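Student: Start from the sequences and build out the full structure, keeping to the hints where you can.
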Amino acid sequence: MLRSDLLALTADDLTVLSNRGLVKRALKEIEEGRVSSTITEDGRGNVTVSWSDDVECVLPAGEELSDKHCSCSAIAICRHLIRSILIYQRTAVPKQELSDSQENSPPTPSHSAWNPGEIDDAQLAQYFNKATVSRALREFNSGHVIELIKSSKPIARIHTLAYTVKFLVPGDIRYTYCDCSEPSPCRHTLFGVWAFRQLSSEQMSGIISTQKEATPIPVDVLDEIENNLRSLLFVGIRGLSATAIGRLRRLEQTCRNSGLIWNAEILAELVQEKERYDSRDARFSPTKVVELIGELCIRCDAIRNDTGVVPQLFIRGSQADKLTEIGAARLLGLGCGVQVQRQNVRFIAYFQDTDLGTVVAVCQDFAESPQEANIEPPEFWKMAEKPAFKQVSFTTLGAGEMLVKGGKRTPNYQFLPSRTQVIVNPQSFQWESLRSPLLVEDFHSLRSHLQLQSPSSLRPRRLTENFHVFWVHQVENIEFSSIEQAVIAVLYDCDRNRSILKFPYTYRNRVGTESLLGHLLNKRLLFVAGHIYLSTEGLVITPVSLIFQTGESRTMLQPWICQNLEIDGDLNLSKIEKIFLSEDLLNDSNCHPVALFLEQLQQAMSDLTVMGLERIDSQILSHCQKICDCGKAMGFVDSIKRMTQLIEILEQKNNSLDWDWQPATQIILELSLLIKLSQDIM
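Counted from 1, the sequence shown has number 531 at position 531 by the UniProt record's numbering; the numbering is strictly sequential.
A portion of the hints provided could be inaccurate.
[As the list claims (entries may be wrong)] Think about it this way: if two alpha-carbon atoms lie no more than 30 Å apart in a straight line, the pair counts; the simulated BS3-like pairs of lysine-lysine are: (1) LYS274 - LYS653; (2) LYS130 - LYS212; (3) LYS274 - LYS626; (4) LYS408 - LYS382; (5) LYS408 - LYS274; (6) LYS24 - LYS68; (7) LYS68 - LYS130; (8) LYS632 - LYS653; (9) LYS390 - LYS405; (10) LYS626 - LYS641; (11) LYS502 - LYS523; (12) LYS386 - LYS502; (13) LYS653 - LYS626; (14) LYS274 - LYS386; (15) LYS68 - LYS28; (16) LYS212 - LYS382; (17) LYS408 - LYS322; (18) LYS641 - LYS653; (19) LYS322 - LYS274.
[Said to hold, decoys possible] Pairwise CB distance ranges, derived in the manner of DEER restraints: (20) ARG346 - ALA595: 19 to 27 Å; (21) SER428 - MET204: 33 to 41 Å; (22) LEU137 - THR215: 17 to 25 Å; (23) LEU323 - ARG615: 34 to 42 Å; (24) ASP120 - THR38: 31 to 39 Å; (25) SER656 - ASP220: 30 to 38 Å; (26) THR215 - SER134: 21 to 29 Å; (27) SER428 - ALA11: 19 to 27 Å; (28) SER134 - ASP67: 25 to 33 Å; (29) ARG346 - ASP67: 40 to 48 Å; (30) ASP301 - SER66: 45 to 53 Å.
Hint data in this document are derived by calculation from the structure and do not stem from the laboratory.
The structure displayed is predicted, hence computed values, not measured ones.
Just so you know, even glycine gets a beta-carbon here, dropped at the ideal spot from N, CA and C.
Tutor: Laid out in structure tokens, this is it:
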């Protein structure tokens, strides 16, 4: 009888259980015939593999795989165990074909989705004693948020603990992987099994919460937040006093003590924008102030009206979302991206902690020259040469390996290095060893994960949110779209699941765009790192970096900040597109009418927020009226209704001695909320 559990393990599964280097070495030894083997199997299914290099491996039928099953001195799963599984799979093929001819087909691994919740308590009892199960059950019921995806390799993401459990073999918990430090199968495997049992048979994915009682609603804190926002809108950023700033700082701490971590972070950013305004910092962004106010309103409303659809953990944050000290660590560079904002450009370099698997970011904002200065903005690669910290540029950081001896990680996963020395070394780009969930081999599972996500204003506020590395097996349909002004390609994983690579062409990153197109056409793509999202086209990734195979070595391309060109002259898009992109793309003629209206509406709210209702004048009212007329012509209803009411209330200001400004602040809060929500669908 064949061991279906051993036959179900793929090379990727063996990599998860050990590491990529061991699997490669084991495969090489078998393929080159360096060793020979003798396989025996007893009646209970225990497989013994004796190797010519005096090593004996036992693959027991009823135990989890571990180092004790090999006669070598390794203290973890070794290459001998890996090659024993591989040689068993190869020798089992003729047996399977023979049994098929005799119409006695043995069990074969299933590639269809399965449900770990079908694993019964009797099997769990084989690997966990009663005390362990009881402790795990108490912890499970204490309140956890777990995201579940059924597939050929089901996944359970325990958001409250930041652990991910993968089930590699159908119906067998011996072959599970969790990124915690416990030996497999760990107690989080129990969490995954119990959570999957709460999904209906029709559900392929879902998010469940094990909290039995509703989270208390801190009404007093929410009321105080709203009152402070109303006061801010009345006096404006311009008129916000030191006393008011002190109240906001105290309110921030109150939010943290009440478990409203993300609300506190937003308040801290509002104070930061006020400080930038007072210091005449060019990075001050009035539109960002509107976005922060809108997001704060969304989160407060979701906390007040808890429907259970979105876990409160995502809306509020948890006590784990705090400033965390980081000791000595090795951070592997994943590339550097660029975010263009109205008043500044943000450079973000991404890293994974090789020990913990946590993804962090190093970011810095660079102020843009005002349009009145009539200065051509610098290309991104020139800006990336500026030092991020310790005289190390973003270009070097994104492609290197950073060794740090201390630092801090903020709640939004920004890494702040300490004053100790930071060493940045080159890396070999062996990204097969990156840890999940950062490394994605199955596009279908990631798509299921994205379908479960709530709007960005109701999710954790992390810089690394939805940042992943795709392991690419094939690339097709590479082109430059003149309609979308982007380099587009279709990526496939090992199961032919597809995703779309889409990189925007702008005048300031034109060199990188040309390099990207040339590399995709002429070199073998291995990995893509970037932010992913779902669209009508399917799964889309906007790349930050790409790893290509060049002979025996690997190279990284960072298209946002790429400087050197290594492509054919025929691919020089600048000659064709330069005039269009450098001039027309920057004006409103290429903006979608709906997006243009929302941008104008946001700008109007920005003016009101900065000036304050007590300082409004006829010029601002006239601007609001023009936007209102534009929205009416386009068919907007709710936002125009609110804008009309706001204009009527503001016009009463000059005709009344006891003008009531509270209704106006309510409308501005509602419009800010709508503006922020619209950004998730535009």
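Student: Hint by hint, which ones does the structure fall short of?
Tutor: 16
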